[in-house]
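Please work from the sequences and hints to get the whole structure.
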Amino acid sequence: VPDASTVSLVVALHDAWARSEAAAQLAARLGVEHVLLLVRDPALDALLPAPGFPRTLRGGPTWRAFVSRCLAAGRHEDEVEFPLGTQARARAVVSDGVALVLIGGAPIAAELAVVNSLLPLLSATLRAEQRAELDRAMADAARDASARARALASALEKTRAETANLNAELRGEHRRKDDFLAMLAHELRNPLTPLVTAIELLRRQRGDGAAFERQVDIMARQVRQLSRLVEDLLDVSRVSRGRVELRRHPVPLRDCFPTRSRPRARCSMRAVTR
Amino acid sequence: MRVTEVEGGRLISLNGVPAFDAIEDHARSLGQTIDRAAPLPWFLHNILGIENDGEYRLRVPLAVNADGSVQCAADIPVGSVVRLMKTTEQSAVLAAQQATRAALAALNGQKPRAALVFDCVATRLRLGKGFDNELKACAELLSPAEFVGCNTYGQIARAEGQFGGFHNCTAVVCVLPQ
Numbered sequence: 148v149p150d151a152s153t154v155s156l157v158v159a160l161h162d163a164w165a166r167s168e169a170a171a172q173l174a175a176r177l178g179v180e181h182v183l184l185l186v187r188d189p190a191l192d193a194l195l196p197a198p199g200f201p202r203t204l205r206g207g208p209t210w211r212a213f214v215s216r217c218l219a220a221g222r223h224e225d226e227v228e229f230p231l232g233t234q235a236r237a238r239a240v241v242s243d244g245v246a247l248v249l250i251g252g253a254p255i256a257a258e259l260a261v262v263n264s265l266l267p268l269l270s271a272t273l274r275a276e277q278r279a280e281l282d283r284a285m286a287d288a289a290r291d292a293s294a295r296a297r298a299l300a301s302a303l304e305k306t307r308a309e310t311a312n313l314n315a316e317l318r319g320e321h322r323r324k325d326d327f328l329a330m331l332a333h334e335l336r337n338p339l340t341p342l343v344t345a346i347e348l349l350r351r352q353r354g355d356g357a358a359f360e361r362q363v364d365i366m367a368r369q370v371r372q373l374s375r376l377v378e379d380l381l382d383v384s385r386v387s388r389g390r391v392e393l394r395r396h397p398v399p400l401r402d403c404f405p406t407r408s409r410p411r412a413r414c415s416m417r418a419v420t421r
Numbered sequence: 103m104r105v106t107e108v109e110g111g112r113l114i115s116l117n118g119v120p121a122f123d124a125i126e127d128h129a130r131s132l133g134q135t136i137d138r139a140a141p142l143p144w145f146l147h148n149i150l151g152i153e154n155d156g157e158y159r160l161r162v163p164l165a166v167n168a169d170g171s172v173q174c175a176a177d178i179p180v181g182s183v184v185r186l187m188k189t190t191e192q193s194a195v196l197a198a199q200q201a202t203r204a205a206l207a208a209l210n211g212q213k214p215r216a217a218l219v220f221d222c223v224a225t226r227l228r229l230g231k232g233f234d235n236e237l238k239a240c241a242e243l244l245s246p247a248e249f250v251g252c253n254t255y256g257q258i259a260r261a262e263g264q265f266g267g268f269h270n271c272t273a274v275v276c277v278l279p280q
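Those sequence lines, one after another, are chains A and B.
Counted from 1, the first sequence has number 224 at position 77 by our numbering; the numbering is strictly sequential.
Counted from 1, the second sequence has number 269 at position 167 by our numbering; the numbering is strictly sequential.
Since the hints were made in silico from the structure, they are not lab data.
There's no promise every hint is true.
[To be verified] Just so you have them, the derived chain A footprint on chain B, three or more residues with Cβ under 8 Å:
| hint | region |
| --- | --- |
| 1 | 103-111 |
| 2 | 177-189 |
| 3 | 211-220 |
These numbers were taken from a predicted model, which means no experiment stands behind them.
The beta-carbon is built from N, C-alpha and C at its ideal position, and this holds for glycine as well.
This is the structure in C-alpha cells:
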C-alpha cells in the first residue's frame, strides 16, 4: 500500500504553483538533497526545467552532460556538479519525455518505488503544461506583433488625418489666392479704360492746350494708380515667399490720411483689417 | 536552443542552463573555445538568430556577465527558439544586394536619385576589408545615384509584413527617387 504522505506530495507536484515546495518536501521524504523534474522540449532535443522550477539550473559541465544523457529513456546515474561548486550523486528515471532527477543522498527504495509508480500520470500533466507554456509564449509574441500592428495603423491613420487637414488648408489658401488675383486683375483693368480714352482724346484735340493738360492729368493719375496696384501685387508675392517682415511701431494718423490720397488710405485700412 | 529566462537585453538562460554555458558547450562541440574575458571576436562570427515564422531576426551577443548571462543589444522573447548563426562574406554581399534590389523595386519604375545605406558595426568588424565589397555591390546597383551611410549599433527597418523592425547585422537600404 503506497504511503499516503508520499502520494500526496506527488499529487502536489501536479500543481505548477506548489511544485517547487512539494519537490523540496519530497526530497526530504526520499532522503535526497534535491528533486527536479525536467520535460523534453517537443520542438528541440533538449530537457527543460518543468514549469514551477527555477528557469535556470546552475550546474557544472558534468551536470549538463548528465542532463543530455537523460534524453534517452531509462535509468541514469552519475557524479555531477550540482548546484555549482557541489559534487553529488545524481539519479534519474526518464519516462515519456519526463525526467525525475534526484540529487545527493541515498534515496529510500520503498518511497522511490511509490514515486516511480505515479510518474506516468505526472508525466502527462507536465507535458501538457509545457505545451501550454510554449503556446502561451507564441501567443504573447503574436499579441506583441498585434499591438505593434495596431500602433502602426494608428500612427498611419493620424498621419492620414493630418495630411487631409493640411490638404484642406492648402485648398482654402489656394482659393483665396485665386479670389485675390481675380479682384486684382479687375482693379488693374479699371484704370486702363480712362487711359485709352484720354489717349484717343489727346489724339483728336491737338492744339487745345487746356484740354491737353486735363487729359495728361488723368493719364498721370491712372498710371500712378496702376503703379500702386502693381506694388501691392509685388507685396503679396513677397508675403507668399516669406520675404516681408512686419515691424510694429506707432504711426501718426495724419500721415496716413493726406487729403489727396484719402480714398487710397480707406482702401488700405480695409485690406489691413480683413 | 529554447530561451528559458531573460531580463531586458540580458539573456539569462538557454535550455535551462546559463546562456554562456549553453553557448560554450555548443562551441566545444565544434572544437572551438571562447575566451570568457574577451568573447567578442567569437560572438562577431556567431550571431544569435531568433526564429520568427521561418525567418531569423539577428542579435549580436556583446558581453558575458559574471552570472553567466549574455548581454545582447536588444530583448529576446522568452520561449523563442534561437540558433547560433554564421555567415560568409559572399552571403553578406548577397544580403546587401537583396536589400538594395528590394528598395529599388519599391520605386515602382522611378529612377533613384540618392540612397542611404546602413549596416551593423559588427558586420564591418567581422568582414574587415571585405566590407568594401558589400558597399561596392550596393554602389553598382544604385549607380548613377550616389549613397551615404554609416555603421550602426542596430538597424530599424520595417520590411514588408513586419510590425517591429529592430535588427542587428542587417543591411538596410533606403532609396530616394528623382
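Consistency of the hints with the structure:
1. 103-111: holds (count 4)
2. 177-189: holds (count 5)
3. 211-220: violated (count 0)
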